[in-house]
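Engineer: The lines below spell out each chain.
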Amino acid sequence: MVREKETTLYLGPQHPGITGNMMIKLKVTGDTVVRAETHVGYLHRAFEKLIERRNWLQTFTILCRFCVPEPDPMELTYARAVEELENREVPERAEYIRTIVMELARLQSFMLWYAGQSGSAGLYLTGQWSVGDRNYILDLFEELTGGRIYHMYIWPGGVRRDLPKGWKDKALKTMDYIEKRLDEYNKIMFDNTIFQKRAQGVGIVPKDKAIEWGVVGAPLRGTGIKHDVRIDEPYCAYDKLDFIVPTQEGGDVWARALVRQEEARQSINIIRQALEKMPEGEFYNKVPNPMKWTVPAGEAWTKTESVRGEVGFYVVSDGSNKPRRVHVKGAAYTNGITVLEKILPGQNIADVSFILNSMGVCPPEMER
Amino acid sequence: MEDLGIKIIGALLTVILAFTVGMTYGGIVRKLTARVQNRRGPVIWQNFLDLLKLQSKKTNIAHGFMGHMAPVWIIISAGTVLMFIPILNGNLWFPNLTFHGDLIFLLYMMVFGSLGMALGAGQTGNPNSAIGVTRGLSQMVGFEIPFVLALVALMVQYKTTSIQDIMDIQAQTGTWMMFANPFAFLAALFASLGMFRYSPFDIVGAPAELASGPVSEFGGKYLGTMMSGGSIFAFIKLTLYVDLFMGGAGFGTGILATIMGLGILLLKTFSLYMVPVFYGWISPRYRTEQAIRYFWGWPTALGVIAVIWAIF
Chain A
1 MVREKETTLY
11 LGPQHPGITG
21 NMMIKLKVTG
31 DTVVRAETHV
41 GYLHRAFEKL
51 IERRNWLQTF
61 TILCRFCVPE
71 PDPMELTYAR
81 AVEELENREV
91 PERAEYIRTI
101 VMELARLQSF
111 MLWYAGQSGS
121 AGLYLTGQWS
131 VGDRNYILDL
141 FEELTGGRIY
151 HMYIWPGGVR
161 RDLPKGWKDK
171 ALKTMDYIEK
181 RLDEYNKIMF
191 DNTIFQKRAQ
201 GVGIVPKDKA
211 IEWGVVGAPL
221 RGTGIKHDVR
231 IDEPYCAYDK
241 LDFIVPTQEG
251 GDVWARALVR
261 QEEARQSINI
271 IRQALEKMPE
281 GEFYNKVPNP
291 MKWTVPAGEA
301 WTKTESVRGE
311 VGFYVVSDGS
321 NKPRRVHVKG
331 AAYTNGITVL
341 EKILPGQNIA
351 DVSFILNSMG
361 VCPPEMER
Chain B
1001 MEDLGIKIIG
1011 ALLTVILAFT
1021 VGMTYGGIVR
1031 KLTARVQNRR
1041 GPVIWQNFLD
1051 LLKLQSKKTN
1061 IAHGFMGHMA
1071 PVWIIISAGT
1081 VLMFIPILNG
1091 NLWFPNLTFH
1101 GDLIFLLYMM
1111 VFGSLGMALG
1121 AGQTGNPNSA
1131 IGVTRGLSQM
1141 VGFEIPFVLA
1151 LVALMVQYKT
1161 TSIQDIMDIQ
1171 AQTGTWMMFA
1181 NPFAFLAALF
1191 ASLGMFRYSP
1201 FDIVGAPAEL
1211 ASGPVSEFGG
1221 KYLGTMMSGG
1231 SIFAFIKLTL
1241 YVDLFMGGAG
1251 FGTGILATIM
1261 GLGILLLKTF
1271 SLYMVPVFYG
1281 WISPRYRTEQ
1291 AIRYFWGWPT
1301 ALGVIAVIWA
1311 IF
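Taken in sequence, the protein lines are chains A and B. Residue numbering for the first sequence follows our numbering, beginning at 1 and increasing consecutively. Residue numbering for the second sequence follows our numbering, beginning at 1001 and increasing consecutively.
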């Protein structure tokens, strides 16, 4: 029996196929991956430790940097944990605004996903379009929060400011435009037989292993398991809105892509509903002077649904004006470290970065 | 002696023409691609600026003898092949070393550039380069079959292995080969998609997969020289297709005839060049085995039909 020679291929930490600063050490024979080892540590900024040296509000300058493509779920999850610790009420209008912000964040992140998923397969047209159109959503963010990427807008007790005048109409028009554009992206990407051939039967997450492996988000729903924090443990105004959580069977890249395709549409649907149903009233239950603000001793665990899946924050307070401990469970933590090692063996080298994008790997979220 | 002088000047003009056209086409495609993608894009002459930048860089890293030789091999083979391609039919200013059997000779010579790249990339020791080379050679095995079948059909149909003769016959009969044997043209056209390495056949240097593949370790003057060689090769392939299937170009030796001939050549080559570019805009990349399966499918079947058509 002829034993094929194994070659070591380093995908990252600096490589066009990697989604951030991490590395996958691949052992390959021919074009087939035999083993995959994920290596992180290139992006560690000790965020969790830095948070312990900041007061409860200063923490927000760090939170948004946990995951650049979608920073808002971090703000919301932390804010909810703090609200739970001190039983702080959130005005209903703020809950609706938070829902809109979360879904806008999801939508712009989906548009980055379109770019990553199609670009890693060599289809650059969709990606250039979607990243260009994403700017219209960032315009909305800029007008609402003052920042395009990092917002620091969701605070404990509500949101930092109310919707600007005329923002609602602008948001609705943008949604109409994005909805039309999604049709065009989908025609180029999903109706393309080469894309279908590349995505079907590749990077399969087995349904019977998905929960055991800790898979979350679209990769989990792509196996047919309907799990979404927005439905299972509703927060913000999600329980007052009508939307579906799409699932697909197969667990491959194609199934995950179909799930995300529909989720992008659902985000538009949710934003429209939230804008229509939003009540008038207060938007912020103001916290005391941040320098003197103390939170009662205790611990809280909150989670929200990001594009990559479930984001969890474990926050401990010792009653002082700073968090005693903040532990973050990023959605990409399991999907991007352990699960990848399980699903990459047997795949073609050409599909590694393709699978990586479909799993929603976000290295800064793994290294806190 | 006067003829020799004209031939030498003509050869130099041919190299300048091929280089300029290849680089400019590349620049136009970069601009058009950007516009389609909703981007502003670089200027049309950006490739020349890139080349100037690359040639002005110093390279301190050596990758052995073949690492040095690879770009030289590519540019020399590009220049050599160019000399055997008839640029303008019946024009004294663009002479070529055409001879009976040059079509077969060119089939061999055209892979020399890729072989040079393979040897140089192999010596760099970068696994991305080695895998890229393997992919390139595998893809070549894929598209060479329909391409060779198309050329065999051509040789059988016109009973010659001379490019010049094929051009002359097309001029005399007034029928382009693409109409005389459309199956051969289609087989060769499909093969050209692989030759130009635009998506979905950009598997050799797939950035997200192999970090640019064979050229991963090359930069500065090395990359600049490879870029120049690649541009000349692009012109060669296009002109060869025009010569063989689209009746070539050329009206005589006079100044006006030369300008008109060049205009027709540019029109035909650019139209041909846009086929893989258009296809590439909307296509994701194949995996290696999918690319080979593609070439061994319909393009090869068309090639076989073309040969049968030529025989009967």
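Just so you know, not all the hints are guaranteed correct.
27 Å max Cα-Cα, derived DSSO-like pairs, lysine-lysine [to be verified]:
(1) B/Lys1058 <-> B/Lys1221
(2) A/Lys180 <-> B/Lys1031
(3) A/Lys187 <-> B/Lys1058
(4) A/Lys240 <-> A/Lys187
(5) A/Lys342 <-> A/Lys5
Sample of chain A residues with no beta-carbon within 10 Å of chain B, all distances over it, derived [as the list claims (entries may be wrong)]:
(6) Thr8
(7) Pro13
(8) Asp31
(9) Leu57
(10) Arg65
(11) Val68
(12) Tyr124
(13) Gly132
(14) Tyr150
(15) Lys168
(16) Met189
(17) Asn192
(18) Phe195
(19) Gln266
(20) Pro290
(21) Ala297
Since the hints were derived computationally from the structure, they do not count as laboratory data. Cβ atoms here follow ideal geometry from the backbone N, Cα and C, with glycine treated the same way.
Engineer: Kindly indicate which numbered hints from before are broken by the structure, ordering the numbers from low to high.
Structural biologist: 3, 4, 6, 8, 12, 13, 16, 17 and 18
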